[in-house]
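**Student:** Residues per chain, in single letters:
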Amino acid sequence: MFRNQYDTDVTTWSPAGRLFQVEYAMEAVKQGSAAIGLRSKTHVVLASVNKANSELSSHQKKIFKVDDHIGVAIAGLTADGRVLSRYMRSECINYSYSYESKLPVGRLVVQLADKAQVCTQRSWKRPYGVGLLVGGLDESGAHLYYNCPSGNYFEYQAFAMGSRSQAAKTYMERKFETFTESSRENLIKDALFALRETLQGEKLTSSICTVAVVGVDESFHILDKETVQALINEFEIAGEEAPANEAAPQDQGGDAQAGAADQGPTDQGVAPMDI
Amino acid sequence: MPIQQANWSPYDNNGGTCVAIAGADYCVIAADTRMSTGYNILTRDYSKIIQLADKSVMASSGFQADVRALQKVLEARHLVYQHQHNKQMSCPAMAQLLSNTLYYKRFFPYYSFNVLGGLDSEGKGCVFTYDAVGSYERVGYSSQGSGSTLIMPFLDNQLKSPSPLLLPAKDAVTPLSESEAADLVKTCFASATERDIYTGDKLEILVLNAEGIRREYMELRKD
Numbered sequence: 030m031f032r033n034q035y036d037t038d039v040t041t042w043s044p045a046g047r048l049f050q051v052e053y054a055m056e057a058v059k060q061g062s063a064a065i066g067l068r069s070k071t072h073v074v075l076a077s078v079n080k081a082n083s084e085l086s087s088h089q090k091k092i093f094k095v096d097d098h099i100g101v102a103i104a105g106l107t108a109d110g111r112v113l114s115r116y117m118r119s120e121c122i123n124y125s126y127s128y129e130s131k132l133p134v135g136r137l138v139v140q141l142a143d144k145a146q147v148c149t150q151r152s153w154k155r156p157y158g159v160g161l162l163v164g165g166l167d168e169s170g171a172h173l174y175y176n177c178p179s180g181n182y183f184e185y186q187a188f189a190m191g192s193r194s195q196a197a198k199t200y201m202e203r204k205f206e207t208f209t210e211s212s213r214e215n216l217i218k219d220a221l222f223a224l225r226e227t228l229q230g231e232k233l234t235s236s237i238c239t240v241a242v243v244g245v246d247e248s249f250h251i252l253d254k255e256t257v258q259a260l261i262n263e264f265e266i267a268g269e270e271a272p273a274n275e276a277a278p279q280d281q282g283g284d285a286q287a288g289a290a291d292q293g294p295t296d297q298g299v300a301p302m303d304i
Numbered sequence: 019m020p021i022q023q024a025n026w027s028p029y030d031n032n033g034g035t036c037v038a039i040a041g042a043d044y045c046v047i048a049a050d051t052r053m054s055t056g057y058n059i060l061t062r063d064y065s066k067i068i069q070l071a072d073k074s075v076m077a078s079s080g081f082q083a084d085v086r087a088l089q090k091v092l093e094a095r096h097l098v099y100q101h102q103h104n105k106q107m108s109c110p111a112m113a114q115l116l117s118n119t120l121y122y123k124r125f126f127p128y129y130s131f132n133v134l135g136g137l138d139s140e141g142k143g144c145v146f147t148y149d150a151v152g153s154y155e156r157v158g159y160s161s162q163g164s165g166s167t168l169i170m171p172f173l174d175n176q177l178k179s180p181s182p183l184l185l186p187a188k189d190a191v192t193p194l195s196e197s198e199a200a201d202l203v204k205t206c207f208a209s210a211t212e213r214d215i216y217t218g219d220k221l222e223i224l225v226l227n228a229e230g231i232r233r234e235y236m237e238l239r240k241d
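Going line by line, the protein sequences match chains A and B.
Here the first sequence is numbered in the working numbering, starting from 30 and rising by one per residue.
Here the second sequence is numbered in the working numbering, starting from 19 and rising by one per residue.
Errors might be hidden in some of the hints.
[What the hints assert, rightly or not] The calculated lysine-lysine pairs, modelled on BS3-like cross-linking and capped at a C-alpha distance of 27 Å, are:
id, chain 1, residue 1, chain 2, residue 2
1, A, LYS94, B, LYS105
2, B, LYS240, B, LYS204
3, A, LYS232, A, LYS90
4, A, LYS80, A, LYS59
5, A, LYS254, B, LYS105
6, B, LYS142, B, LYS178
7, A, LYS94, B, LYS90
8, A, LYS90, B, LYS105
9, B, LYS105, A, LYS131
10, A, LYS80, B, LYS105
11, A, LYS198, A, LYS90
12, A, LYS144, A, LYS59
13, A, LYS131, B, LYS90
14, A, LYS90, A, LYS59
15, A, LYS198, A, LYS59
16, A, LYS59, A, LYS154
17, A, LYS218, A, LYS59
18, A, LYS198, A, LYS94
If you're looking for bench data, these hints aren't it; they were derived computationally from the structure.
With the hints as extra help, turn the sequences into a complete structure.
**Tutor:** Below is the structure:
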């Protein structure tokens, strides 16, 4: 996209019928670090890559609990994401207060989308620069939605957003048919595999990722570092081994695995984008 | 035609009694389960106790519609706190919140007489007692509700520390064990049930300690 004379205002249409400011907002989502979500019949898993500004700083928080039955992962302007998470939490609390039952996920995402739309039709506002992956459970089952700055939202079986998310999407496109009937453990495993795809060869450890789960008998919660590392080791996805159903070429390119305590098998998995 | 007066009241009194006793490392909170209106019984099986946080339990007697509304407000506020602070509210914090919530409606009060019990940040038992508009105080034990006038003097007799002016200097109240405190509560209610028509049916006791929370029931006279 290049600068043009129709992109200053969110309230200015281009002759081709585009709102450039909204599209630029969606670009901001693509710049954020990756976040993915997958859904089975009974569980939803959200996972994100934690980027830190420098070695000295802490990681950004990208996954938020909204209620016992809903969580959200964000990518893009995390400040906008925090504000929207606060809004979502508030909506859930108010609904529970009024109706003494859980806010259905579908209702929440509509409210969120309408809120985003407002910012695309006011001259004194700007669109939210954050994409939200809303995962939750309600009476009609497990749901995963993607809300984008334009005010659009769709339900997904699996989705990825942020930088290098296409790699994760490619992996999930191959496997998504198995997700519905997947067990909780396999769903988390697939989430970790998909997340690894976005790392482009970098080693997957629990210190650079966050994983959260919500399920039929399981409140939304973020898995602690030890659990995640144990799962990574168990599934041997530290970057050493390719996923079981992939015929990854034996690429002996330099890989920083020497001395790692959790050494997997010695053949290396290659991220699809490198082929 | 004789002069007519308005006689609709937004309030009703559903009766019942609540008690709480704080121990060295536990807290006992109890209330009967009878709900009445006038001279009638609405139900023999209504809980006046709610767990607001890990270490905070509230028992309330008075107008149960207002009690329920108050409980919902506190539950919602606790969720907000958890989102903001990433932890549960401590009992003293909840105590202050309850006071502020009650005073917020100073000019149309919650007709709710509360005792809040739990463990403080050091793990010691704590009890807070309130009036309808939020005046509160941390105490070692308290009772509220229709049977409180019968129970409170008895608790004073059993639990109150001797005056510090007394000679020879006496130790503060002998700390009761958890089971002794629970038995004392049962005795209180058995007695109050005899003479207070609004107290009876069943007693619900919650014991809060470091291990968690335990619930017990005891039958009371149903007349």
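**Student:** Need the list of violated hint numbers for this structure, in ascending order.
**Tutor:** Every hint satisfied by this model.
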